[in-house]
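Engineer: Take a look at the letters that make up each chain.
Number of protein chains: 2
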Amino acid sequence: MASEFYDLVIVGGGPAGITAGIYAARQRLKTLLITKTFAGQIARKAVAIENYPGFESTSGLDLMQKFETQLKKHKIDIEMNSVKEIRKNGKEFIILTATRKEFQARSIIIASGADPRPLEVPGEKEFIGKGVSYCVACDGPLYVGKKVVIIGGGNAGFEAAISLSHYVEKIYILEHGSEAKADKENQEKAGKTGKVEVITSAAIEKIEGENFVSKVLYQDLKSKETKALNVEGVFVEIGSQPATSFVKDLVDFNEKDEIVADPYTGKTKTPGLFAAGDVDNVPYKQVVIAAGEGAKAAIAASIYLQNSN
Amino acid sequence: MASEFYDLVIVGGGPAGITAGIYAARQRLKTLLITKTFAGQIARKAVAIENYPGFESTSGLDLMQKFETQLKKHKIDIEMNSVKEIRKNGKEFIILTATRKEFQARSIIIASGADPRPLEVPGEKEFIGKGVSYCVACDGPLYVGKKVVIIGGGNAGFEAAISLSHYVEKIYILEHGSEAKADKENQEKAGKTGKVEVITSAAIEKIEGENFVSKVLYQDLKSKETKALNVEGVFVEIGSQPATSFVKDLVDFNEKDEIVADPYTGKTKTPGLFAAGDVDNVPYKQVVIAAGEGAKAAIAASIYLQNSN
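Here the protein sequences line up with chains B and P, keeping their order.
The end of the first sequence is residue 309 by UniProt numbering, with every number in the run present.
The end of the second sequence is residue 309 by UniProt numbering, with every number in the run present.
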């Protein structure tokens, strides 16, 4: 079966992928963007985004819809699908999707982002959808008047708490370290809700319940005692893991399993293969940073294509 | 005279500086932003901006006003001034302005951008404001029905041509190289105006006139002949030079006179001194890239301040 041939295939429809798509289309590259969804991580964000320049306050979903609309004004092919495998064939790339579609490309930008990192404790998998959630914006309203625990005391955890405070009666935040790592602004906002109790030096051990979650056990890392919290919801906010299952030996990974990419251009170790956004080793994960990296990768891909003619 | 003491002073009010300001304020850093203007390079852009994600089409001025409004929602001091000198005093920095005001800071982000690069040919200085311009958005409307030349065949030159086509009768673009470097999109748009003639392999030699510009001489680099164009306007679009006169041995410079900064964090060779945006050595100069670098520098400055307590 003859597969379609592109100058550039972009994998991912978040801030980095969409920005790369806008730039590539303006460079008149024959471009395909493959993504499962245009929502992605950022659209699941529960609190308003107030640090993307140009928008005083917006929801992740609204912002990403603006990005998507802007992308679609351009001449670019879009395939709603997930990528299963990327292979090299001589100087070209072959991209296989989950539905066994095949595409060819002279260059690729991997902007597939990251998925929530699981806790990997007993009870977690069993209670997914029955009290265990990785998405406050999706599931928060189900917990009106209930007690919940958030695992993780970084910005994501505190933002989850601020959002959940509109629904729930009581929020515990369990933080593994000796102090919460969230921004001062987020800590202040969470404090003002009057519903948040932060428990530091706490390592979650187990999630228990009958049909639904009813209890979480954690170790107090100072006293070494196991303690229990009676909660009906567990929100996991301990970071994310890069979505890279479809690309193996074509790139190098760092200790966080992020793709190693040149920070000026997004170049990986394979010529013609670029990475941008939360999937790569840029340390600070922010919408505006990911968008900037997407622009860099598209410009670099365009230069690569001109020079490899 | 006791000078005010800040956690962070940001020099510059363009996309990088403003984004850094938003991020720093959200980190509750005591921050001062010093800038001559919130307009800057981007506000002088003559054509619509269509590649900043979130805005399908906007003017540089409108976009920068949105940035400025968003910044001012935060707790941050703003000094409308230009910086004359940055000195180190122990671990701290002293910032002197053009009006001899003095500020102290524990950290600095230089985001002062770049100024238009001059041609440095005879006649240029004499005819500034009398036919020689570095700002199409400012001066374009003065040339209704006239013939003009744009020096530089990159994106800036072609965007200038697209904008000027609304006013002028005829536009020459002089490009030093053997072909124009602008995006295909910009070349197509300029071509469609029917008013643009691109002259490649052309080196400008001299600008002539009486009270106002009337003629430009250039060398045809292939035939080595000097040729003349009868024009009343000369728009200079040959790039920019980083605005770094106030900082000397505290940073290293590359061959383009850009500040050498770590691309992950904006760190320079001096601890506590960061750079972001068009003033540094990130190769592609774009609003969204500069904004992303501003965010990185502010986060890195915040971490630096925590660790140097």
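Read the hints as simulated data drawn from the structure, not as lab findings.
Possibly wrong hints are sitting among the right ones.
Since the list gives no way to pick out one identical chain from another, each pair is judged satisfied if it fits inside one copy or across any two copies.
As the list claims (entries may be wrong) - Calculated pairs, DSS-like style, for lysine-lysine (alpha carbon to alpha carbon, straight line, at most 30 angstroms):
#  : residue 1 : residue 2
1  : Lys36     : Lys227
2  : Lys73     : Lys192
3  : Lys206    : Lys72
4  : Lys195    : Lys36
5  : Lys285    : Lys66
6  : Lys206    : Lys170
7  : Lys222    : Lys192
8  : Lys222    : Lys30
9  : Lys206    : Lys75
10 : Lys130    : Lys269
11 : Lys222    : Lys84
12 : Lys125    : Lys227
13 : Lys224    : Lys285
14 : Lys189    : Lys66
15 : Lys73     : Lys285
16 : Lys184    : Lys75
17 : Lys73     : Lys30
18 : Lys30     : Lys181
19 : Lys269    : Lys285
20 : Lys192    : Lys227
21 : Lys73     : Lys189
22 : Lys170    : Lys125
23 : Lys248    : Lys206
24 : Lys147    : Lys88
25 : Lys66     : Lys130
26 : Lys227    : Lys170
27 : Lys285    : Lys72
28 : Lys227    : Lys30
29 : Lys189    : Lys30
These numbers come from a predicted model, not from an experiment.
Engineer: Please go over all the hints and tell whether each is borne out by the structure.
Structural biologist: Structure-based check of each hint:
1. Lys36 x Lys227: neither (40 angstroms within a copy, 58 angstroms between copies)
2. Lys73 x Lys192: So Lys73 and Lys192 pass the 30 angstroms test across copies only (20 angstroms; inside, 43 angstroms).
3. Lys206 x Lys72: neither (45 angstroms within a copy, 46 angstroms between copies)
4. Lys195 x Lys36: Answer is neither: 36 angstroms inside a copy and 45 angstroms across each miss the 30 angstroms cutoff.
5. Lys285 x Lys66: both (20 angstroms within a copy, 23 angstroms between copies)
6. Lys206 x Lys170: For Lys206 and Lys170, only the intra-copy Cα distance (20 angstroms) is at most 30 angstroms; the inter-copy one is 75 angstroms.
7. Lys222 x Lys192: within (27 angstroms within a copy, 72 angstroms between copies)
8. Lys222 x Lys30: Answer is neither: 58 angstroms inside a copy and 34 angstroms across each miss the 30 angstroms cutoff.
9. Lys206 x Lys75: Classified as neither; 50 angstroms inside a copy, 42 angstroms across copies.
10. Lys130 x Lys269: neither (43 angstroms within a copy, 52 angstroms between copies)
11. Lys222 x Lys84: neither (44 angstroms within a copy, 52 angstroms between copies)
12. Lys125 x Lys227: within (21 angstroms within a copy, 77 angstroms between copies)
13. Lys224 x Lys285: Neither: 33 angstroms inside a chain and 53 angstroms across chains, both beyond 30 angstroms.
14. Lys189 x Lys66: For Lys189 and Lys66, the Cα distance is within 30 angstroms both inside one copy (27 angstroms) and across copies (25 angstroms).
15. Lys73 x Lys285: Both, since 27 angstroms and 23 angstroms are each at most 30 angstroms.
16. Lys184 x Lys75: Only across copies: Lys184 and Lys75 sit 13 angstroms apart there, 43 angstroms inside one copy, limit 30 angstroms.
17. Lys73 x Lys30: Result: close within a single copy only, 15 angstroms intra versus 42 angstroms inter.
18. Lys30 x Lys181: between (43 angstroms within a copy, 19 angstroms between copies)
19. Lys269 x Lys285: Answer is both: 22 angstroms inside a copy and 24 angstroms across each meet the 30 angstroms cutoff.
20. Lys192 x Lys227: Intra 26 angstroms, inter 73 angstroms, cutoff 30 angstroms: intra-copy only.
21. Lys73 x Lys189: between (38 angstroms within a copy, 16 angstroms between copies)
22. Lys170 x Lys125: Result: close within a single copy only, 24 angstroms intra versus 69 angstroms inter.
23. Lys248 x Lys206: Answer is neither; intra-copy 33 angstroms and inter-copy 57 angstroms both fail.
24. Lys147 x Lys88: neither (51 angstroms within a copy, 52 angstroms between copies)
25. Lys66 x Lys130: Neither: 33 angstroms inside a chain and 43 angstroms across chains, both beyond 30 angstroms.
26. Lys227 x Lys170: Only inside one copy: Lys227 and Lys170 sit 17 angstroms apart there, 80 angstroms across copies, limit 30 angstroms.
27. Lys285 x Lys72: This pair counts as both: shortest intra-copy Cα distance 25 angstroms, inter-copy 24 angstroms.
28. Lys227 x Lys30: Neither. Shortest intra-copy (58 angstroms) and inter-copy (40 angstroms) distances fail the 30 angstroms Cα cut-off.
29. Lys189 x Lys30: between (46 angstroms within a copy, 19 angstroms between copies)
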